[in-house]
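Asks: If you want the building blocks of each chain, they are given just below.
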Amino acid sequence: MSALDPIELQVIVGALRAACEEMGAALVRSAHSVNIKERRDASTALFDKNGQMVMQAEHIPVHLGSMPAAVAAVLDQDHRPGVSWVLNDPFEGGTHLPDITVVTPVFAHTPEGAQRADAHARMGHPFVDDILPLPNDPPGALIGFAASRAHHADVGGTVPGSMPADSRTLAEEGVVIPPRELTGETIEELVRQMRQPNERRADLKAQLAANRIGAQRLVKLAQRTSGEQLEAAMDEVLDYAERRTRACIGALGEGVREAEDVLEAPAGDLTLRLKATVEEERLVLDFTGSADQHEGNLNCPLAVTRSACWFAVRVLTDPDIPSSAGAYRPVEVIVPEGSLLNARAGAAVAAGNVESSSRVADLVLKAFGCALGQGTMNNLTLGNDAFTYYETLGGGQGACADADGPSGVHVAMSNTLNTPIEALERELPLRVSKYALRRGSGGAGEHRGGEGVVRELEALTDMTFSLIAERRRHAPPGAHGGHPGSPGCDTLIASNGHARGLPAKVTGTLRSGERLRIETPGGGGYGSPPEHFESPNDSGDGS
Amino acid sequence: MLLGVDVGGTFTDAVLVAEDGRSYSAKAPSTPGAQHEGVMAAVKAVLERAGAEAREIGRFAHGMTVATNALLEGKGAKTALIATGGFTDIVELGRQTRPSLYRLCEEGPQPLVPPERRFGASERTGPEGPLEPLDEEATATLLEHLASTEPEAVAVALLHSYAHPANERRIGELLAKRLPQLHVSLSHELVGTFREYERTATTEVDAALSPLLGTYLNQLGAQATAAGLPAVQVMQSSGGLTDSGHAGTHAALTVLSGPAGGVGGALLLSAEADEADVLCFDMGGTSCDVCLIDGGRVAETAQRAVAGRPLALPALDIHTVGAGGGSIAWRDPGGALRVGPESAGADPGPACYGRGGQRATVTDANMVLGRLLADAPLGGTPTGTLFGAHPQGHKQAGGVRLDRDAAERAVGVLADELGLQRTACAEGIVRVAETEMRRALAVMTVERGIDPRRFALMPFGGAGPLHAASIAMELGIGKVLCPRACGVLSALGLAAAAPRRDTARTVMLSGAALTGERVQRELDALVERVVGELDVPVERIDARYELRYEGQSFELSVEAEIDEAEIDDLRQAFEDAHEQRYGYRDENAGVELVSIRVSALGTRPALALDGAAHESPQTESTQVVFDGQSTQAELWRGELAPGTRLQGPALCSMPESTLLVPPGWEGTVDEHGTVVLEHFA
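First to last, the protein sequences are chains E and P. One gets my numbering by counting positions in the first sequence from 1 and adding 76 to each. One gets my numbering by counting positions in the second sequence from 1 and adding 134 to each.
It is worth saying that the hints were derived from the structure and are not from the lab. All figures in this text were calculated on a predicted structure; none of them were measured in a lab. Please note that the accuracy of each hint is not assured.
What the hints assert, rightly or not - Computed cross-link-like contacts, SDA-like style, restricted to lysine to any residue with a CA-CA straight-line distance of at most 20 Å:
(1) E:LYS510 with P:ARG251
(2) E:LYS281 with P:PHE688
(3) E:LYS296 with P:ARG573
(4) E:LYS351 with E:ASP362
(5) E:LYS510 with P:GLU266
Said to hold, decoys possible - Now the stretches of chain E that chain P is said to cover, found in silico as 3 or more residues with beta-carbon under 8 Å:
(6) 81-93
(7) 272-286
(8) 344-354
(9) 392-406
(10) 464-475
Even for Gly, the Cβ is constructed at its ideal location relative to N, Cα and C.
The shape of chain E in the complex, shown without the other chains (with noise of 0.2 Å):
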């Protein structure tokens, strides 16, 4: 039985989650972009001093198990108060270059420090700074770190939105910062290197915000007990999560079960082979004999992969679980260096974070038996001098085992809104044609797919687009007799009508006049069809 009773463990953990969400509040309402504040591409999360991550705001799967490894980039630093970190290095602690994270050391205070804190707050200072430590205090002990990250809609490199179809490395797709302090000059210098440079130095000051809030909530914490009482809450928080996984894993049954899987690389087929090996309350996830890292941009950083093996257990176990380090002990991936799931340093992997995680997820759900989603966030960017668009679409799902899939919907890594298009058609010179459910997409079964979506976009001047998507050549697979959903297509069509079929990773240039209509995928089917079912008509949305 746990050091700590069973109630002070839950206010802990209501407390963690709390500051998490204060955080993620803060973040999304301070930053300028859109891509941050209405499509809340963005996560915030508390770790302990060793680095561990004791809570985290969930907003975004594809940061899940990320985050952790921003940290351990920096845990070895000489770490000062009032000093944060940032770094987008997918090598040392980041995923691909747009997710910029902001570390920031969090010092207990002293008596001093507090009583002084408490006065001001007295006197009626806003409370937001009352409790950071003040200029001269002495530092108290560290006693964890605060971390956000955000997408940014640009980090500059070859293409505007920092997301090149063709990318071959890593430099091509944007400014690389490894960790470094960052200062009110490290902002000003990296905003120079990207587009928007206004729209990033805000960005990056509401990571700042957010970790202040962040701050302070744990340092709250450790004052409402004591430092060392704290560390111990946060010990039992993370054996707490782990006990509760191992709990799901041993229920998913013993067992080594496979997966194979392929993405679609422009120059062919990659194929993705997981052994998933359920022992002891333990589960192991093993990639070997996956493809080796490709000349293209679909690799993935370790941490990539991770975030993706996290997700579909947090989906194969219990949500409820906090997001945790602890969650996590139970879990092993194995990924051999030099795999297009560990790429070595350097590689393009602007494809990998956004693409390639959604087929990590689907090889450990496929393992389980599940019917797949869409498996692509079909990743467009528009863009000329004047602006830059990026927008992700959703598609169907894959059935469950008790329920249809949902429709039109993001389906795994990513979560994220849509632009509505009336903002759309004011702000930016496009024109939508349609945008409806690609009806009999989804895949047949006793529970069926959820359908793709259709949407199509008129330039209303020239300009270049880039699209990274997936499931276009091979369907989502359905589950226990379920059919596959239908795959992805996407079109060009000219002025005058001429339709000309797009691969599923190209960048080119969409004139005035000309439309783009990308089709997404439809979901997996769960379990045999009724018998008189009418085979779904594959080839597009009937209209």
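Based on these hints, arrange chain P on the given structure of chain E.
Replies: Using the frame of chain E, we list chain P on its own:
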């Protein structure tokens, strides 16, 4: 005399306020399915109680849950939808997010209109105006197809109609000609602001619910007239009243009618207590509603969601969490003590109700700790006077004594599972529940950049005052206001409410287009419209401006006087609000005026509540557990007279609820009978 009648889940409350300030209340069992029967029963009871006649009533204000319940159950009239061709699935696509990150097959709210009754109009309008005209011939064919599906109501929502409503309006005319018996909701008329999914979904809800609400209000109106009562005024989600004709054809305006009455009551009582900054929480059996009174006003929002559906219409900003007295405590598989979200509800209710509940709830924990007495009331007496001489002692709900043994058994079972002592377990249940409520209060304050410490905490509901002092400590709040007799708060709020009409329009003005003159012109048009619609003399016009920095996709709402729509003032007000909420301002960024919202308010009735108790009861003594120690506490039963002083630890078993005064708190009763607690330790 002013009459307010509020329909709750269990009881329908009626409050009658006489000219001399005396108030009377009565309760009748709610009658789901035919709410008007319970309403008329409560009215009859309160008239008898007051010895008054129906003809003496000057106004009949009503808060109800007809629209809310229909929405929660996904029931509505058979509805059709007309949208721009190619975009009829917008109601189903929503914002493309899934409601649960990891429960992959959990569905969001399904559209109220199925695909076979969604029709694509042959037209296209862009942000600057029409791109393709409405094809009249195709529309005539569309209406024939629509008619063949035999709908009872139609929602029309075309792209960009918030700015260019001509096509939507024309379809409305053609519908009125071809299918005159149908209810029609037009998105530009009802909502008027941009973001197509939110506007369409709101219009769909309006169309689907209006026939139902109209029928209900007609039935109630007929009975009220027969009984000699004045016409029914209906509470809207905005906190203002409207006539039943308007409500019956605009049901989406009333989806949060019930909670809005409660906020009205809270405003009335906080004004009476002379407090402008009050954080209110209303803790009932299954849920806890939180709202913020800041500078004497309750914030409004047009971004509420009910049952996962967005409602882009003015509503009071209330945050609800599923934590109440009936929340069940349990041990999770990792060994932590959890409370809720499952609730024992009203039936069977907590174990101590003795109606078969076996699992420990927050109410049971309070009982084990000596914080609830066996004869404590459960949400009010069946009938009684609200204000004025209150009979000493009171009946408990249903005449049932609470069963302390049952509470101890239930908590004991959980304590054994957790390996804790029974009282430690009970204290734990209360602490964990309070942690959840603290989170709900933080959402309304800390997460928005508002320092909770400058607010007084005002608890309502049967369970609120038991937890108020402890939650106040968590938030750094040093003052708690516990108003007398808060069990019929909503009905009281209804009696005191003002008539109101709202309108809004997205104008999207920035740069050189954003001039005082232009804003004034837009404003004048909106004011003309609401003033024309409000059928009583206008007392006040409120204008709210929704602004953002260019490039942002969230707006902040600021208020300004209508005859001072000076652009610099507007920018200043926006930047102040932005700094407060988001922590910074951006002097270099352009400001965009996104939408203007205008409300016209009629006169709020003068309502002087009178009659606190004259003499406090004798104190007794009781044992209450604090920090694991059974402590002797003062016990007050019944209403407290002004001037009474309380010293924690104390327990006040009041007519509508129980107030706990922990050690370190002391209190006085003010002239209105409100207990004012302050923390001194």
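Asks: For each hint, tell me whether it holds in the structure or not.
Replies: Here is what the structure says about each hint:
A C-alpha spacing of about 19 Å is found between LYS510 of chain E and ARG251 of chain P, which places the hinted pair at or below 20 Å, so the restraint holds. Taking the CA atoms of LYS281 of chain E and PHE688 of chain P, the gap is near 18 Å; set against the 20 Å cutoff, the hint holds. The straight-line distance between the Cα atoms of LYS296 of chain E and ARG573 of chain P is roughly 15 Å, inside the 20 Å bound, and the hint therefore holds. Restraint check for LYS351 of chain E and ASP362 of chain E: the C-alpha separation of about 5 Å stays at or below 20 Å, so the hint holds.
Using a Cα cut-off of 20 Å, the hinted pair LYS510 of chain E and GLU266 of chain P holds, with the two alpha carbons roughly 15 Å apart. Counting residues of the region 81-93 of chain E whose CB lies closer than 8 Å to any CB of chain P gives 10, so the stated coverage by that chain holds, three being the minimum. Interface restraint, the region 272-286 of chain E with chain P: holds (5 residues with C-beta to C-beta distance below 8 Å; minimum three). Here the region 344-354 of chain E counts 0 residues with a CB under 8 Å from a CB of chain P, which misses the bar of 3, and the coverage is violated.
With a cut-off of 8 Å between beta carbons, the region 392-406 of chain E has 4 residues touching chain P; three or more are needed, and the interface restraint holds. Beta-carbon proximity to chain P at under 8 Å applies to 5 residues in the region 464-475 of chain E; the threshold of 3 is reached and the given coverage holds.
Hint check: a violation occurs at hint 8 only; the rest are consistent with the structure.
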